[in-house]
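S.K.: Here the protein sequences line up with chains A and B, keeping their order.
With our numbering as the guide, the letters of the first sequence map in order to residues 1 to 374.
With our numbering as the guide, the letters of the second sequence map in order to residues 1 to 232.
Hints listed in this document are in silico derivations from the structure and should not be mistaken for laboratory results.
As the structure is a prediction and not an experimental result, all values here were calculated from the model.
For every residue, glycine included, the Cβ atom is placed at its ideal position computed from N, Cα and C.
Incorrect hints may have been included.
Quick list of simulated restraints, FRET-style, between CB atoms [unchecked claim]:
(1) B:Tyr56 to A:Lys150: 47 to 57 Å
(2) B:Thr166 to A:Val132: 34 to 44 Å
(3) A:Ala255 to B:Ala141: 36 to 46 Å
(4) B:Phe63 to A:Ser14: 22 to 32 Å
(5) B:Tyr56 to A:Tyr309: 22 to 32 Å
Here is what each chain is made of, one letter per residue.
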Amino acid sequence: MPEKMPTMREAIESKGYSRRDFLRYCSAAAAIVGLESLGIPKVVRAFETKPRPPVIWLHFQECTCCSESFIRSTHPIVADVIFDYLSLDYTETLMAPSGFQAEKSYKDTITKYAGQYILLIEGSVPAGNDGVYCMIGGRSAESILQEAAKDAAAVIAWGSCASNGCVQSAKPNPTNATPIHKLIDKPVVKVPGCPPIADVMTGVITHLLVFGSTPELDSQGRPKEFYSRRVHDTCYRRPYYDAGLFVESFDDENARKGYCLYKVGCRGPVTYNACAVTRWNGGVSYPIQSGHGCLGCSENGYWDNGPFYQHLASFPGFGVESTADTIGTTVGIGAAAGVTAHAVATNIRKRKLIQKLKSESAELKEDSNEGGNN
Amino acid sequence: MTAEQKALYNRVYVWEFPVRLYHWLNGITVTLLIISGFLIGNPIRLFYANEAYQQYWFGTVRFIHFVSAYIFFFNFLVRIYWGFVGNTFARWSNFIPLKKKQWREIGQVLKVDILLADPSERMSVGHNSLAGFVYFLTFLAFAFQSLTGFALYSANSTSFFPRLFTWVIPLFGGDMAVRQWHHVFMWFFIVFIIIHLYLVFYHDYIEGRGTTSSMVGGWKFEKDEDLKNSND
Ligand code: HEM
Ligand code: HEM
Ligand code: SF4
Ligand code: SF4
Numbered sequence: 001m002p003e004k005m006p007t008m009r010e011a012i013e014s015k016g017y018s019r020r021d022f023l024r025y026c027s028a029a030a031a032i033v034g035l036e037s038l039g040i041p042k043v044v045r046a047f048e049t050k051p052r053p054p055v056i057w058l059h060f061q062e063c064t065c066c067s068e069s070f071i072r073s074t075h076p077i078v079a080d081v082i083f084d085y086l087s088l089d090y091t092e093t094l095m096a097p098s099g100f101q102a103e104k105s106y107k108d109t110i111t112k113y114a115g116q117y118i119l120l121i122e123g124s125v126p127a128g129n130d131g132v133y134c135m136i137g138g139r140s141a142e143s144i145l146q147e148a149a150k151d152a153a154a155v156i157a158w159g160s161c162a163s164n165g166c167v168q169s170a171k172p173n174p175t176n177a178t179p180i181h182k183l184i185d186k187p188v189v190k191v192p193g194c195p196p197i198a199d200v201m202t203g204v205i206t207h208l209l210v211f212g213s214t215p216e217l218d219s220q221g222r223p224k225e226f227y228s229r230r231v232h233d234t235c236y237r238r239p240y241y242d243a244g245l246f247v248e249s250f251d252d253e254n255a256r257k258g259y260c261l262y263k264v265g266c267r268g269p270v271t272y273n274a275c276a277v278t279r280w281n282g283g284v285s286y287p288i289q290s291g292h293g294c295l296g297c298s299e300n301g302y303w304d305n306g307p308f309y310q311h312l313a314s315f316p317g318f319g320v321e322s323t324a325d326t327i328g329t330t331v332g333i334g335a336a337a338g339v340t341a342h343a344v345a346t347n348i349r350k351r352k353l354i355q356k357l358k359s360e361s362a363e364l365k366e367d368s369n370e371g372g373n374n
Numbered sequence: 001m002t003a004e005q006k007a008l009y010n011r012v013y014v015w016e017f018p019v020r021l022y023h024w025l026n027g028i029t030v031t032l033l034i035i036s037g038f039l040i041g042n043p044i045r046l047f048y049a050n051e052a053y054q055q056y057w058f059g060t061v062r063f064i065h066f067v068s069a070y071i072f073f074f075n076f077l078v079r080i081y082w083g084f085v086g087n088t089f090a091r092w093s094n095f096i097p098l099k100k101k102q103w104r105e106i107g108q109v110l111k112v113d114i115l116l117a118d119p120s121e122r123m124s125v126g127h128n129s130l131a132g133f134v135y136f137l138t139f140l141a142f143a144f145q146s147l148t149g150f151a152l153y154s155a156n157s158t159s160f161f162p163r164l165f166t167w168v169i170p171l172f173g174g175d176m177a178v179r180q181w182h183h184v185f186m187w188f189f190i191v192f193i194i195i196h197l198y199l200v201f202y203h204d205y206i207e208g209r210g211t212t213s214s215m216v217g218g219w220k221f222e223k224d225e226d227l228k229n230s231n232d
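Okay, chain A solo, but in the shape it has when bound (with noise of 0.2 Å):
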């Protein structure tokens, strides 16, 4: 039988906020999913109402990036809220107890609250050589997957190693780095880059927690909320880059100057996040703002589609230099080239022909108009 929970405002109060902190969290959280302020009762409302959901999160092959993130995010109150009000009942990084213990915690969680949890997974899963590269407490990754899946009440991929693969499954990826969507048969949130903006995450679950449901999704399955347009769209160099000011090098003038990074590599304008609209770190900057183009870490590939400091990726099997524009000029100049060969090889060897078709010329009669007026 599952056990009742206390309601987020509960276990809200009972870490010592004030009623005062509970409504400024509940704005900021309703900032993040996209209310306007009429709307932050309904937040006040289903915090007061609903049950505090369990949470497990799942380690895989993962660089633990997106947990750092997390527990960045902007707003002080959002990130320190979420982490004491969601229980997170499991998570290799985090949590309090270890070995037998955790494991315990682990399966008590998943037994008590089927149906009811939320899993949170960071990092891909080895489906290679039946899963040996990851192994946690003698067993694969994949068959933890499966068991913490199938009974969670929803599931999110964070960061591009559980949406995409990511770097792990890079050419010729050896361990078979598969995403999570691939190997469940659930609806999964994927939440990518590498890693996720923090407001983001916690954006994804405020999502889950006021609406009891998941947010909706694109065509990639991510939340439009957050990954509806490109980080192009919304970028503060847009300007320059209708302009046709570039960046042509690192330390030129136009550098100094701010122009678009476009022609050294920026993948802004293939790349969905955003990066440019809640920015990093408390919302300081953004790597473009640096001064450094997009990678385009929270694209599918973006892994495979260096060099990144070019604006088209290298051509596979042609080197690491060659862009589908250096074969495309040799495979012009080869054509024009054999045109032009062809060209003097017809006159050569079709004189005959040629000859023949011009004996088949009619003549005309000598007082036709052609040929002056003699």
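Go by the hints and put chain B with the ligands onto chain A.
M.R.: Just chain B with the ligands now, with coordinates in the frame of chain A:
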């Protein structure tokens, strides 16, 4: 010279007006798309040391690309339609070699074009079978370029038409890959145009029956004796 040596030709109306209009609209828009697309992929250094509010040339290049793209796409749809209702020479059966005879002609054209042999049999007065097949591949490339192009464009636009193409992006795994392939296919068109122009002139030269001008006025010419041999 004897009278028999003179060739007698009949005029054949091969390319109807919609085909010719399609061809030139297509030629112009593809050229504009290549030039503007090339600039989008490799912006040149122009008017540096200015401020953004003073100029908009890159935006204009993109605008030209998108306007040409719309004309190109709907023009292409008209040609697809005309392949079902146009004259024999415009029909789809010319483009997809399903008959033995078409394969034989492909073999002969390859001999004439590559081995530089002299033509031994009559060649179709419309597209020869090899040309038709290559145009078919070109039509597939047009379709590919339209799908990837409008998929990329859907990110810039909220209007319903480009939004119909959003499903293309997950097929490629993301916008980056779509862009990459869209760019690669530009080179297909550049190479196609070089070879196409050359072969049009070449066949005009060795067949002597008005190939080049046929796309302007619609007429080609067929010898008396060949007309008797033709059964299509
Ligand atoms: C000055 C430039 C051009 C000339 C003189 C020209 C001439 C011709 C001629 C004479 C034909 C008919 C050939 C035949 O009998 O098989 C033709 C067909 C064709 N050309 Fe061009 N062309 C030009 C440029 C282009 C360009 C830029 C494109 C675009 C990629 C293009 C695409 C095609 C296509 C797709 C066909 C098949 C037409 C159909 O049946 O719908 N051409 N062209
Ligand atoms: C023969 C046809 C076409 C050619 C040769 C062509 C070529 C190109 C090239 C070379 C690029 C630059 C890619 C890069 O390096 O980033 C490009 C970009 C683009 N093309 Fe095309 N294209 C064609 C048709 C179309 C069509 C039909 C559309 C439909 C709307 C389209 C929409 C776009 C868009 C949206 C971009 C990205 C522009 C940006 O983000 O600023 N293209 N095209
Ligand atoms: S810096 Fe990047 S994201 Fe910003 S406008 Fe230029 S290309 Fe777009
Ligand atoms: S700017 Fe691009 S690469 Fe950088 S964090 Fe944002 S999405 Fe990732």
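S.K.: Can you let me know if the beta-carbon spacing of Ala255 (chain A) and Ala141 (chain B) is within 36 to 46 Å?
M.R.: Distance hint for Ala255 (chain A), Ala141 (chain B) holds at roughly 38 Å.
S.K.: Go ahead and decide if the range 22 to 32 Å is satisfied by the Cβ distance of Phe63 (chain B) to Ser14 (chain A).
M.R.: 59 Å, violated
S.K.: Return holds or violated for the Cβ distance of Tyr56 (chain B) and Tyr309 (chain A) against the range 22 to 32 Å.
M.R.: Since the Cβ atoms of Tyr56 (chain B) and Tyr309 (chain A) sit about 27 Å apart, the hinted range of 22 to 32 Å holds.
S.K.: Please check whether Thr166 (chain B) and Val132 (chain A) have a Cβ separation lying inside 34 to 44 Å.
M.R.: 39 Å, holds
S.K.: Do the Cβ positions of Tyr56 (chain B) and Lys150 (chain A) conform to the proposed distance bound of 47 to 57 Å?
M.R.: 56 Å Cβ-Cβ, so the 47 to 57 Å window holds.
Consistency with the previously given hints fails for number 4 only.
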